[in-house]
Amino acid sequence: MLDRLRASLLQQFDCNNKPVFSTCLEDILKKDPTCSNSLEKLVRLHQNEDYSSESLLEMIALHLDATNADYNIWREYAMCFLKLSQYEEDRMSVCLNGNEGGHKPRYSVSFNKTPKIFIKGQSGKSWKLRCRWWSTRHFSHDILASETAAGDLELLTYKAASAVHMYGSEFYYVVDVRSCLEQENERELLNFLQMHIRNSVGIYSNFQQRTN
Numbered sequence: 058m059l060d061r062l063r064a065s066l067l068q069q070f071d072c073n074n075k076p077v078f079s080t081c082l083e084d085i086l087k088k089d090p091t092c093s094n095s096l097e098k099l100v101r102l103h104q105n106e107d108y109s110s111e112s113l114l115e116m117i118a119l120h121l122d123a124t125n126a127d128y129n130i131w132r133e134y135a136m137c138f139l140k141l142s143q144y145e146e147d148r149m150s151v152c153l154n155g156n157e158g159g160h161k162p163r164y165s166v167s168f169n170k171t172p173k174i175f176i177k178g179q180s181g182k183s184w185k186l187r188c189r190w191w192s193t194r195h196f197s198h199d200i201l202a203s204e205t206a207a208g209d210l211e212l213l214t215y216k217a218a219s220a221v222h223m224y225g226s227e228f229y230y231v232v233d234v235r236s237c238l239e240q241e242n243e244r245e246l247l248n249f250l251q252m253h254i255r256n257s258v259g260i261y262s263n264f265q266q267r268t269n
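Every number in our numbering is 57 more than the matching position in the sequence shown, counting from 1.
Simulated from the structure, these hints should not be mistaken for laboratory data. Check the hints yourself; a few may be wrong.
Claimed, not checked - As a list, the in silico DSSO-like pairs of lysine-lysine whose alpha-carbon atoms are at most 30 Å apart:
{"hint": "1", "residue 1": "Lys-185", "residue 2": "Lys-98"}
{"hint": "2", "residue 1": "Lys-140", "residue 2": "Lys-88"}
{"hint": "3", "residue 1": "Lys-75", "residue 2": "Lys-140"}
{"hint": "4", "residue 1": "Lys-88", "residue 2": "Lys-173"}
{"hint": "5", "residue 1": "Lys-173", "residue 2": "Lys-98"}
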């Protein structure tokens with residue numbers, strides 16, 4: 058209650074203090090992850106570039122741990138992954154290997170597109186558990202069948218785009234939704250899904266590589 062009151066007061070009287078406002082909203086969500094109103098305010102901050110994609114992704118994931126959501130939240134969730142994937146294009150290690158005899162040096166490039174938050178430390182462990190859990194919580198065969206029968210193509214598309222980043226393009230939810238969009242000739246939604254397939258952060262595949 059106090060956190061909500063504080064957030065309301067900040068929004069009305071100190072609306073330019075975005076860091077404090079976003080922290081207050083985060084505190085509300087951590088205590089009540091089902092609070093869609095606070096999450097929507099964080100989404101608006103993010104859309105205005107006043108809140109980071111990484112932080113919003115964590116807050117949406119916390120929300121989805123606790124409840125289901127409409128297609129708008131799944132779209133924002135997928136777009137956070139996409140933005141993080143684009144950020145990671147700058148994260149490369151380039152090793153200069155000099156050759157004897159005056160030859161030109163050769164460059165060895167090592168590139169991992171999976172952000173560290175998904176694979177390192179406690180955060181990495183949490184995401185690994187979340188991937189395992191959500192495969193039945195949000196992406197089970199029964200849920201897929203129910204959502205397909207309901208015909209909400211936007212929900213299916215944005216969930217599939219999210220699943221691409223978590224499980225890869227061969228995950229059955231992604232495969233079936235892609236096939237459905239092709240059959241329905243939904244070009245715009247299909248292009249959205251394919252954009253995420255091309256730019257997946259590859260969380261789950263990275264976990265598999267680390268255990269092999």
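Here is how each hint holds up against the structure:
1. About 28 Å separates the Cα atoms of Lys-185 and Lys-98, which keeps this hinted pair within 30 Å; it holds.
2. Between Lys-140 and Lys-88 the alpha-carbon distance is near 27 Å, which keeps this suggested pair within the 30 Å criterion.
3. A hinted pair counts as satisfied when its Cα atoms are at most 30 Å apart, and Lys-75 with Lys-140 qualifies at roughly 21 Å.
4. This hinted pair checks out: Lys-88 and Lys-173 have alpha carbons roughly 26 Å apart, not beyond 30 Å.
5. Taking the CA atoms of Lys-173 and Lys-98, the gap is about 26 Å. The hint holds against a cut of 30 Å.
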